[in-house]
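S.K.: Here are the chains, one letter per residue:
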Amino acid sequence: MTEDIKFFQTDNLEAALELLVESSGVIKPVAGGTDLMVKIREDRELLQQFAGILDITNISELQGIAQEQDFVRIGALVTHREIIESELLQEKYPALVDAARAIGSTPIRNRATIGGNVCNAAACADTLGPLVAFEAEVVLASQAGERVVPVADLVEEPYQTIIRQDELLRHFRLPLPAEGTFSSFQKIGRRQAAAITRISLVLAARVSQGKVEHIKIVPGSAIPVPEPLTALEKRIKGQKIGEIDSRELSALAGEEMVKITGERWSTPYKKPALTTLVRRALVELKEVAENE
Amino acid sequence: MSKVKVAFTLNDQEISLLVQPGERLLDTIRDRLNLTGTKEGCGVGECGACTVMLDGQAVNSCLVLTAQVDGREVRTVEGLGGEEEVDKLQQAFIDHQAVQCGFCTPGMLMSARALLNDTSSPTREDIKTALDGNLCRCTGYKQIVEAVEAAAEAEGAD
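Same order as they appear, the protein sequences are chains L and S. Just so you know, we're using the numbering used here here: the first sequence kicks off at 1 and counts up by one. Just so you know, we're using the numbering used here here: the second sequence kicks off at 1 and counts up by one.
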């Protein structure tokens, strides 16, 4: 490998942000490296596009999980292992924990970070769905200051986010879910471990006095960027939980997906698959709500 | 060419060397340090043949930049057991015939060692999860899982 690129490492956020601005070429931030290293292997030329690689793993501002006043902060450098092991996240956002558990394999989860999963922005990125369903925001830091963007607005197209070259994803802010919020994550892959998601679904909902008060349904790997199925959500919101027809409503999910993507080569598989995932999630929601 | 100076602990020994900015830990271990127990299989983090321990956790050394391990602790299969004796885990692999061609074995051992260092009495499910990043194409996994169970028991008895 012939390389003229430089390797930078700092534990200082300000210094990192300065480097992003002052360098005469693209500086590629790297954390766990589990996506970047695969891309470099596939395309050795890729490294030549960067003036340097910036290892951000030692920057403390980007680390850790903590509950603030009305949200939970998850640092960009938090690994999938840390998500799985966090009692706070297990309690508040089980669908996010299950999504993290479904990613890669143990050695991948030990290295790969939630910030990396989101910045890489693959259509199959498993943490994007739960983050959108929980209405998370990202805090992007640059020398110009910070800006806050909903995760739902972050991804423009697969592998393309609105994060600027001079910005680093600092942390996520997840609003505290209201008491009694139910959430589930389901994934279909070709095998259990180390499988890229073929299709996934996150459902987050709150049932109060027998009625669906709040609902978010976000598919993964089914549509190019993570967004909720708003037409379906509208149909379900306000309905009495006992009157929810899972079969009929789940069929609407497949139709809404096709409205977004158009008929594609994968539609004959993905439409019934998504329909089934939505039906299962609604059946589970009903069971949980009726047992309360 | 701007080489990067890195200093880290490898199998309990402090080492310091100059590496390329884009150099993989796997290549440093095998080609610069001549520790060839760590294998390269897929090179993309799917097979686990290159698994080593980084600060006690199992990682794919094909996906780690050597420059990133500055100041950290790396353990390879050569760092299991001592000069004269094998690690209990290695002995359990021998006893349970958990090795056939042996190519996946170093990676299996490192994933299992990371688990046993964390958890003294893992369940079968814990073991399967810990080994979910390691592919074996000859023995099947039964003997391997049994070997890890036996090693956990043997270490618990100490």
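Because the hints were derived from the structure by calculation, they are not lab data. Bear in mind that the values here come from a model prediction, so they are computed numbers and not experimental data. Where hints are given, some of them may not hold.
[As the list claims (entries may be wrong)] No more than 20 Å apart at the CA atoms, straight line, and that leaves these computed lysine to aspartate or glutamate pairs for DMTMM-like:
| # | chain 1 | residue 1 | chain 2 | residue 2 |
| --- | --- | --- | --- | --- |
| 1 | S | Lys5 | L | Glu255 |
| 2 | L | Lys237 | L | Glu255 |
| 3 | L | Lys39 | S | Asp27 |
| 4 | S | Lys3 | L | Glu45 |
| 5 | L | Lys39 | S | Glu125 |
| 6 | L | Lys6 | S | Asp27 |
| 7 | L | Lys92 | L | Asp70 |
| 8 | L | Lys286 | L | Glu146 |
S.K.: Hints the structure violates: just list their numbers, smallest first.
M.R.: Violated hints (numbers, rising): 1, 5, 8; every other hint is consistent with the structure.
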